[in-house]
Amino acid sequence: MDTLVQPLLFRVLCSYLDQGISLWKFPGNDVGFLAALKELERNGFTSFFKTQRARNLLLQDKLKISDLLGRVVGDERYFEQYLFDQQFSHQGWSGIVSAIEDKPEALLDSRKISLRELIIFELLLEIDALEAQLGKGWQPLSTRVNTPPQNLFAEVEATELQEVFSLWQNAFEWDYYDAVLAGIGKREQLLHPATIANSFQAIFCIDERECSLRRHIEHVDPSCQTLGAPGFFGVEFFFQPENGQFYEKLCPAPVTPAYLIKEFGASTHRKKVLLFSNKTHTLLPGFVITLTLGFWAAVETFLTLFRPKMSPAISDAFAHMNNDAELSIENKNPDDRENGLQIGFTVEEMTTRVEGQLRGMGLIKNFAPIVYVIAHGSSSANNPHHGAHDCGACSGRPGSVNARVFAHMANHPGVRAGLKSNGIDIPVETQFIGGLHDTAADEMAYFDTRILTTENFGLHRKNVAAFELALDLNAKERSRRFASISSKMHIRKIRKAIKNRSVSLFEPRPELGHGTNTLCIVGRRDLTKGLFLDRRAFLNSYDYRTDLKGKLLPGIMRPLGPVCGGINLEYYFSRVDNYKLGAGTKLPHNVMGLFGVANSSDGDLRPGLPVQMIEVHDPMRLLIIVEHFPEVVLKTIQSAPEMYEWFINEWVHLVVLNPETKQFYYFKAGAFVPYNPLTRHTAVVQDFHMLIETANEMETNQIANATQENLPVFTLN
Amino acid sequence: MLGTIAFIPWWLVNHYPTLDVKSIVLYQSPHFEFFIDFYFDKTTAVFAFMGAILTFLVVIFSRYYMHREEGFKRFFTTLLAFFVGYNLIVFSGNFETLFVGWEILGITSFLLIAFYRDRYLPVKNGFKVLSFYRLGDICLILAMWMSHHLWHKNITFMEWNQVEPVLYVFRAHHFQSMFISIMIVIAAAIKSAQLPFSTWLPRAMEGPTTSSAIFYGSLSVHIGVFLLLRTYTFWGNEWIIKGLVIAVGLLSSVIATLIARVQSTVKTQIAYASIAQIGLIFIEVALGFHVLALFHFAGNAFLRTYQLLVSPSVLSYLVHDMFFNFRPRNTVEPDSLFKKIKQGAYILSLKEWNFDYLLSSYMWHPFKWIGRQLSFMRRTWGLSRWFATSYRHCKYSIQRKHQCSCVHLSTHCFSVWPC
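If you read the protein sequences in the order shown, they are chains G and U.
So the first sequence is numbered by numbering that gives the first Met the number 0: it starts at 0 and just counts up by one.
So the second sequence is numbered by numbering that gives the first Met the number 0: it starts at 0 and just counts up by one.
Rather than coming from a laboratory, the hints here were simulated on the basis of the structure.
Positions of the beta carbon are idealized from the N, C-alpha and C atoms, including for glycine.
Heads up, a few of these hints could be off.
Said to hold, decoys possible - In silico DSBU-like cross-links for lysine-lysine, where the CA-CA straight-line distance does not exceed 30 angstroms: (1) U:Lys127 / G:Lys579; (2) G:Lys49 / U:Lys123; (3) G:Lys111 / U:Lys338; (4) G:Lys550 / G:Lys419; (5) G:Lys63 / U:Lys339; (6) U:Lys341 / G:Lys24; (7) U:Lys341 / G:Lys61; (8) U:Lys338 / G:Lys24; (9) G:Lys49 / U:Lys338; (10) U:Lys339 / G:Lys24; (11) U:Lys72 / G:Lys487; (12) G:Lys364 / G:Lys528; (13) G:Lys49 / U:Lys341; (14) G:Lys271 / G:Lys261; (15) G:Lys61 / U:Lys338; (16) G:Lys102 / G:Lys248; (17) G:Lys111 / U:Lys341; (18) G:Lys308 / G:Lys271; (19) G:Lys271 / G:Lys248; (20) U:Lys367 / G:Lys135; (21) G:Lys49 / U:Lys339; (22) G:Lys248 / G:Lys111; (23) G:Lys495 / U:Lys72; (24) U:Lys338 / G:Lys37; (25) G:Lys548 / G:Lys634.
Said to hold, decoys possible - Covered stretches of chain G, going by a simulated chain U footprint (3 or more residues, C-beta under 8 angstroms): (26) 378-391; (27) 492-505.
So that you can see chain U by itself, here it is in the shape it has in the complex:
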């Protein structure tokens, strides 16, 4: 953290150049090079700065808050792992590096949601979030896979951000480029809890308040925004994609606001309010107002972190407020079409616009069906043990979403990978 804070002024003094550092080559063949790469520009600067500040604040806060809590060390280890993953993402110079951080983020998210692992709901909701995240991961992997086809190499964000060549590639390989862009948008929408994937965010508020604050109030949910900003030069060429991002952002902000209005619990209210603001940030990114988006991100992250940290205070504050300012409600409105629409919208918002139900009918159920159809492979061909375990865990997490002890966790997390 000190490193980040010290580095940023130096970088500002040097007229904020865009930096690219190629560090470790993991695999090399005559045709292909697989390497870890780092990159630094103003988006990275803002995200890294926010990450450092907020993590610092939350760690200090938690030092007292978590005192004598079972899993004290586990909490801080996970939090630090999260910080590493976050920094890997924001400093990454290519998709491969970003993906490593992305995975660490997903795993640590899951670990902190299921922090109270002896209770049913945290583990269940942990798996729910994990299954959403895996979907995002798959999209990202597909985007990477397609971009390997497109460029026949590990492309860095430095090259990706050169407008002319990218435009040329986009025009020449329209289908592949569209595919990559859509996958990126889906991954970003999932990670930032945009529609229709928004239901995981309020369910994620299972861990200690401090971890909810840093993950779901601020840093983790804004990673989708980061991904969009990082890849903007690529998909920004195409109005269809821009339109898609704007549509997702607009729908999310409007519907999430409606849902936020009916929430009667503090944390879920903050979660939906935050989703609505992130929807606006998506629109800003798509329209090219990147500086505004960065400011909006910083403001939203700070505000929601603070609100979540003080969320237990809301009780005494609002009860007092009510005590002094309560006004009984006016009389009944007359029946009208408007009232009908309003009451319908109320029920719909209370049911979170049925997104959970729709997703389970149109997404998870088909997945389950495919899974069942493929189960013959395991039975008859006796595929490698690795595949079998990974499949079983897949089934465990995505399909069943049942309570499970976290003993299998490490094997589980890595074995779900390839699916």
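Next comes chain G alone, as it looks inside the complex:
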């Protein structure tokens, strides 16, 4: 029955929800799904159905699911199971319908639809199919069923197999965790007094892809200091690019901001590509276009193959915001509002945010002349999953606007004065500069550098050179996981090859996203400085010494579950069952209505991540390591149930490092128990280049093979 019903059901659903692919929109899609269908049935001279019976049922008012189920299934005891089987035979479509029902604004061009309507329409199509196949007078399905109905909500019995699985999973995880904890413990013993940064400070996103860049910049310029904070930098707002018809949320997904930042005065605008025009799909314009632009398409294909370069069809992280456009950051008049949002922040609001951010990172003194605020984004071509490569703390978008806004706030004289009276004295010479790191292309951009003083501009030029060297090294480190780039090539060539990847249409792996993420370390950088963690750690700066009572800790730990834990579990589930919980290989994907991908014209929508993004990932839960006293951390996580559930349910692991006794504590069943690493020795690596060039490459992406590509924990000299 599925093959008779689903193709049409999916096509109707997709057309109804379609955001802008079809040239001919679903008529009357603003009144709700069933209402629109009824309207079409009533008006048109043709029908969705083959038989009159289903059509009449649809046109009835007050259709009830149970009535329809009574016709299809018969026996009431089977209803639940039938609906379960029916909806889970296309979990992708059911899932998106229920997501849109909960949050209609998830689609730019919003639609009214509910799971109930989907079920009704599907049951009608089933009645139609049965009637057309069997003729009139068919019996409900349950008349031929002998097995008793199952209780879907019955307790799942614990089995030995599950126990074995759980043992394996823990062994797999702790094998790695233990080495990490040993590495950190060892560093603790040789901890030298923290260096005072005198060249610059750079705040990066906690993203694990920045972990290696921070290590490299510290290596290139040992007198700099790097910090990590969630990439929206504590400023939450909606952003409206110039000429944009909608707002973009630039903060973690669960937060609903009350502020709006508008862009104006941009010098460049997005270009159109004629080959993407939907005119090519019409008859007569299509005829003219095939005879003219058709040949240009051949040239384009050649160029994309042999001279890949940025084009409007490629999602460009740097194009998210215009570098030279103005932003409405400061609000001088509280009445300045749009659609219920306040345009810009007042000076007090700015001060609160900057102070919160700086205190959270423990950056309250010893400011360097320049403090960089580096957001990240990712450019990639031909990639419907590109949002998954952007910043998770900015709702899957590049964080460039946040970086620029934060820098502007921190430079604001009013804010500086406010901070001073609150005890944070930023020297007048210190200037904040926003920036954006493209994690796919390994390129960096800096915003508003014209505000720099002459002296600082000279320093900035030196720092940019240092960043360039660090990006070279970062590109080299990343190249070891790309089979098409040899890590033994000259480092400049590697950098070029990495950049080309991000604009190549034929490249299904522009970058590997969050693949391999396993750790989240909340503490001072000194815990991990010089430790080679293979780009697997989210690094959140936090200094327990500035927050002995743990007042700031809840604010820092609350997003870790949904943001880092969420990312980690997304990769985990896509990795363990890529067929059902992931998206399978992305090569045959077909873009459906601009809101999803499916494998073919009649397929179900695919959830999760494609195999190209997860093949390097080891399915391990996130290990959060916090540097503080266990009792403070326990109080913190118990302060909010939505935070506590992440730990008590073991969705993520939690280890606390007592900063005074240097003892690790592991959170188990609601309490902290001491943990002593079994690993005795952390190897020291003298030559980074050697390490990268001789690293293992996976033979296949099967998990036992793929995991061998990961490097152990080293201390880098």
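Based on these hints, arrange chain U on the given structure of chain G.
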């Protein structure tokens, strides 16, 4: 490929003569000669050139795109086999040679649609396409069979394209000639996904994007056009056939455009848009504008290949476009007859004008019925094993269209042959 590109300038310099090379004689008896024959003229030149360029581009593209994909070698082997088959068709000098290429094309098409053989839909749709293709093959075989009756020999396209004798034969044996022409038109319409056989094309987009691009965006779907061009001298004499081709082309282009307008997925939209353009090419061929048809073919092939290759980009491009240019829809139109017709056409287009349903009622069902009536042969007479297997596989593919592992594939493909 290099051979093609090098040969074409030389041929152009030599005032593009029409060449015919008789290469291998496979079977010879006093009355009959069965041979492989090659032929070269401007149609061949354009098709061979396009084939070489597009295959080259797609192979280079796939080298990176398919990296670490299960079935990497299988993909390239099939792609090369496809290229061989394609070249056999475009260079063929007689129907027999063409048919060999035609078969290779069909088999490789099936293999690439069912590339992800562990999933249900690719295999199912692979069989769907295969069953359409077999129908085209049968038409072609019947055309060959009838032309053997007509000429009592293996006629080459060289002889076929001599206007006077062909006209004479056509007049003298009107029925046979009409039969041949109609069979050719049906075969071409199936291969080029014209109405009423168009539903297989959007279903064929199951393999990796690159293979969809080269097969269903460009080369494979235009083979029907090639067949028409190659045989034009023969059926071009008869207005009824010309009218038939024009009607098929016109209907296809209009209806496929309507269907393309309602498509909400990128690849099916491209597929139907391409069908519409091929419909126009059919009309051009029938009206005798062959140079235009060749240009149109080249433009359409390049454009659709490009569009399919970049189809995943459409998401970010159109979402951005929408972000900056979105206009909410105007208010409700008043009820009118026009609105009724429009909404009716919308539903009809969404259901692809019910062609699938009609074909299954009026074509596949009668076939099944005949199959059931004939099953007594197997039961009672115990015909040769070969026939039995071929029959079973026939049933498997055409009638049941069920999921099946591809283990039986090779036996399957060859044994379906004679039916």
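Verification of the hints:
The straight-line distance between the Cα atoms of U:Lys127 and G:Lys579 is roughly 25 angstroms, inside the 30 angstroms bound, and the hint therefore holds. Between G:Lys49 and U:Lys123 the alpha-carbon distance is near 23 angstroms, which keeps this suggested pair within the 30 angstroms criterion. The straight-line distance between the Cα atoms of G:Lys111 and U:Lys338 is roughly 23 angstroms, inside the 30 angstroms bound, and the hint therefore holds. Our distance criterion of 30 angstroms between C-alpha atoms is met by G:Lys550 and G:Lys419, whose separation comes to about 21 angstroms.
Between G:Lys63 and U:Lys339, the direct Cα distance comes to roughly 28 angstroms. Compliance with the 30 angstroms bound is thereby established for this hinted pair. Restraint check: the Cα-Cα separation between U:Lys341 and G:Lys24 comes to about 12 angstroms, which is no more than 30 angstroms; the hinted pair holds. At roughly 28 angstroms between alpha-carbon atoms, U:Lys341 and G:Lys61 fall within 30 angstroms of each other, so this suggested pair holds. For the proposed pair U:Lys338 and G:Lys24, the alpha carbon gap of about 14 angstroms is at most 30 angstroms, so the pair holds.
Taken as a hint, the G:Lys49 and U:Lys338 pair is honoured in the structure, with Cα atoms around 22 angstroms apart against an allowance of 30 angstroms. The hinted pair formed by U:Lys339 and G:Lys24 meets the criterion: a straight-line CA distance of about 15 angstroms does not exceed 30 angstroms. Simply put, U:Lys72 and G:Lys487 have alpha-carbon atoms about 27 angstroms apart, close enough for the 30 angstroms limit, and the pair holds. Taken as a hint, the G:Lys364 and G:Lys528 pair is honoured in the structure, with Cα atoms around 20 angstroms apart against an allowance of 30 angstroms.
With a C-alpha separation of about 20 angstroms, the suggested pair G:Lys49 and U:Lys341 falls inside the 30 angstroms cut-off, and the hint holds. For the hint linking G:Lys271 to G:Lys261, the alpha-carbon distance of about 23 angstroms falls within 30 angstroms, and the restraint holds. With a C-alpha separation of about 26 angstroms, the suggested pair G:Lys61 and U:Lys338 falls inside the 30 angstroms cut-off, and the hint holds. Restraint check for G:Lys102 and G:Lys248: the C-alpha separation of about 14 angstroms stays at or below 30 angstroms, so the hint holds.
Distance hint between G:Lys111 and U:Lys341 is fulfilled; the C-alpha atoms sit about 23 angstroms from each other, no more than 30 angstroms. The hinted pair formed by G:Lys308 and G:Lys271 meets the criterion: a straight-line CA distance of about 16 angstroms does not exceed 30 angstroms. The hinted pair formed by G:Lys271 and G:Lys248 meets the criterion: a straight-line CA distance of about 25 angstroms does not exceed 30 angstroms. Using a Cα cut-off of 30 angstroms, the hinted pair U:Lys367 and G:Lys135 holds, with the two alpha carbons roughly 23 angstroms apart.
In summary, the hint linking G:Lys49 to U:Lys339 is supported, as the alpha carbons are separated by about 19 angstroms, within the 30 angstroms threshold. In summary, the hint linking G:Lys248 to G:Lys111 is supported, as the alpha carbons are separated by about 22 angstroms, within the 30 angstroms threshold. Between G:Lys495 and U:Lys72 the alpha-carbon distance is near 29 angstroms, which keeps this suggested pair within the 30 angstroms criterion. At most 30 angstroms may separate the alpha-carbon atoms for a hinted pair to count; U:Lys338 and G:Lys37 meet this at roughly 15 angstroms.
The hinted pair formed by G:Lys548 and G:Lys634 meets the criterion: a straight-line CA distance of about 10 angstroms does not exceed 30 angstroms. Closer than 8 angstroms: that is the beta-carbon criterion, and the region 378-391 of chain G has 5 residues meeting it against chain U, so the requirement of 3 holds. Here's how the region 492-505 of chain G fares: 3 of its residues keep a CB closer than 8 angstroms to some CB of chain U, so the rule of at least three is met and the hint holds.
Every hint, counting from the list given before, is met by this structure.
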